[in-house]
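Student: Next come the chains, spelled out residue by residue.
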Amino acid sequence: MPFDCILAPSTEELKDRAQLNRKTLIDITYQTGGSYLAQALSVIDLMTAVFYRYLKLNPSQLDWDGRDRFLLSPGHYALPLYVILANLGYFDSSVLYTFKENGSPAELISHRHTLPGVEISGGSLGQVLSIGVGMALHAKLRAKAHKIFVMMSDGEQDEGQIWEAASSASHFGLNNLIALIDKNGFQVDGPTQGVMNMEPLAEKYRAFGWDVAEVNGNEMDEIVKALDEFVSKGTKPCLLIGNTIRGKGISFLENNIDFHYTRLDKSLKDKANCELTGDWDAGM
Amino acid sequence: MQECKYILAKSGQDFAPYKRALVMLGESNKRVIVLGADLSNSTEIDGFRDRFPDRFFNIGVAEQNEMNIAVGLAIEGEIPFVHSFGVFVTRRVYEQVCVQVAMQNINVKIVGSIPGLTSRLGPTHQAIDDLALMRTLPNMTVIDPADATEILQAVPAIAEHSGPVYIRMMRREVPLIFDPEKYHFQIGKAACIQEGQDVTIIACGVMLQNALASLPLLEQNNINPTLLHISTIKPIDTTAIIEAASKSRLIITIENHLITNGLGSSIAEIIAENGLGNTLIRMGLRDEFAAPGTQEYLFERYQLNSRHIVEKILEGLKNKK
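If you read the sequences in order, they're chains A and B.
Position 159 of the first sequence, counted from 1, bears residue number 159 in this note's numbering, the numbering being contiguous throughout.
Counting from 1 along the second sequence, just add 284 to a position and that's the residue number in this note's numbering.
Chain A extracted, bound-state conformation (with noise of 0.2 Å):
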């Protein structure tokens, strides 16, 4: 569904939207035989809402000057970017099935325009925030009005560049741009509170400079009144931390250490389909 302008749907119509990605993330998981599966789940609402209401975009055009800009960061975040690109128009859906697969270009991990808007290569943590930063100094310089979203992950808050990044945004006063985080509380090695624990992450970017609203990122109602409120005003750089719960929606993925990365065999993928959609026919 092709579209040249703003979708800036209703929140309602934003909670059906993500469910309905999250029975398809849950459908390509359980069909290519695993992904971050857990991750997708936490990020989704945040990325739903920002790409069906806030993102100008043209998938017919994706060289289009006037588009936002989508930047992934934690780049095993892609199949959530896919699937929301896909039902966008940007390629066929049937491109999610060969997800991982040898020659696919639905990479494991996201690389810049291996699938058409696919903004940016997101493999190596901590490095995208500095890339939003020199493209919101391009739209700046060439008085542009399309606004640089980037989106990260919690662990990768440990990466020194973030903070370079957090810095030089500020400096340069790049108020269109737009950050979010979503703090699921987890990193490869488990919880960032025993990791590396980078609380508070919202003062913190508060003393680089930052607009920071901190939301529950799984509640859509949260999230669409926070970046409502960034995408109207904008006087300097601003960040949504979403608090997000690892596996959102699905009981046995929920925080559980043991679902860094997902493998779902059919009475998996039956159980989570059935919580999801509250009919325990669905997975029959």
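If you are wondering where the hints come from, they were derived from the structure by calculation, not from laboratory data.
Careful, some of the hints might be misleading.
To be verified - Label pairs and their in silico Cβ distance ranges:
# : chain 1 : residue 1 : chain 2 : residue 2 : range
1 : A       : Val231    : B       : Ser312    : 35 to 45 Å
2 : A       : Ala145    : B       : Asn325    : 32 to 42 Å
3 : A       : Asp228    : B       : Asn325    : 41 to 51 Å
4 : A       : Gly190    : B       : Glu580    : 51 to 61 Å
5 : A       : Glu199    : B       : Gly361    : 37 to 47 Å
6 : A       : Lys144    : B       : Ser446    : 19 to 29 Å
7 : B       : Glu557    : A       : His146    : 44 to 54 Å
8 : B       : Gly406    : A       : Lys225    : 54 to 64 Å
9 : B       : Arg315    : A       : Asn197    : 42 to 52 Å
Remember, predicted model here, so these are calculated numbers, not experimental data.
All C-beta atoms, glycine included, are put in the ideal place defined by N, C-alpha and C.
Given the coordinates of chain A, assemble chain B onto it according to the supplied hints.
Tutor: Relative to the frame of chain A, chain B by itself:
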């Protein structure tokens, strides 16, 4: 390869050619953006800063951020020139250069100031491995200019070139070797300076001066060398090297760098892969970090000046007999 004759200028020096080249480029190309890392004067980007303040960004002492900001700018169609000392824009930011610049083939120009032993600040500031690091990256073009003429011509050439480039940059008093009227720098093209049959000398960067200084001494010893100058380390001018190698059995390379994976290694690969069978002597740093000191002192200490070139050649020729 250019004609061997008439490309040399009368010897002399030129003050801060890069500073001038960058301002001229800024005039002619409005997409050129200059990024610095708190070394505006030291990397000679202050001229551009003062002339084009809108297109100049000082990122502070944060080279990783600097490199990836350049990526963002370049993706949007700007032509960013990224500056710091050679060690910092290669060693320190290697993964940023690899993953975001080289891997995506992004149009970023990386300028590494004061290469190799031309820095007197010691091993933390001497880029003796930068050619190796950059040469290893797919998509990366690597340039080591020898004089002011090459700098003045290479700067617009790399801006014109589509794709990532690493260029070493001399500053302050820079030798004037090539006649600006007669010399034409081209990415990927070697320059033959003299043809002879006894030995083939291949030099890059600042070492061309030492190679030129060795010529009269060789003449005194009745040795008539071929002298080939390589300014583009990658992609290297294989044709010119094969031709130069055919002139004599003995080849000697000299570089302001480790002998590994810079000029000498490149030549060794070409000799071996083409079955040329020449004997090769590589001059440069040999698996060691250098001491601090002046250029003259370091060239003497690490046996890289014109006298050492002659000694090596004499030794090489004696061993052949």
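Student: Could you run down the list of hints and mark each one as holding or not?
Tutor: Right, here's what the structure says about each hint:
| no. | hint | result |
| --- | --- | --- |
| 1 | Val231/A x Ser312/B: 35 to 45 Å | holds (38 Å) |
| 2 | Ala145/A x Asn325/B: 32 to 42 Å | holds (36 Å) |
| 3 | Asp228/A x Asn325/B: 41 to 51 Å | holds (46 Å) |
| 4 | Gly190/A x Glu580/B: 51 to 61 Å | holds (57 Å) |
| 5 | Glu199/A x Gly361/B: 37 to 47 Å | holds (39 Å) |
| 6 | Lys144/A x Ser446/B: 19 to 29 Å | holds (23 Å) |
| 7 | Glu557/B x His146/A: 44 to 54 Å | holds (49 Å) |
| 8 | Gly406/B x Lys225/A: 54 to 64 Å | holds (56 Å) |
| 9 | Arg315/B x Asn197/A: 42 to 52 Å | holds (43 Å) |
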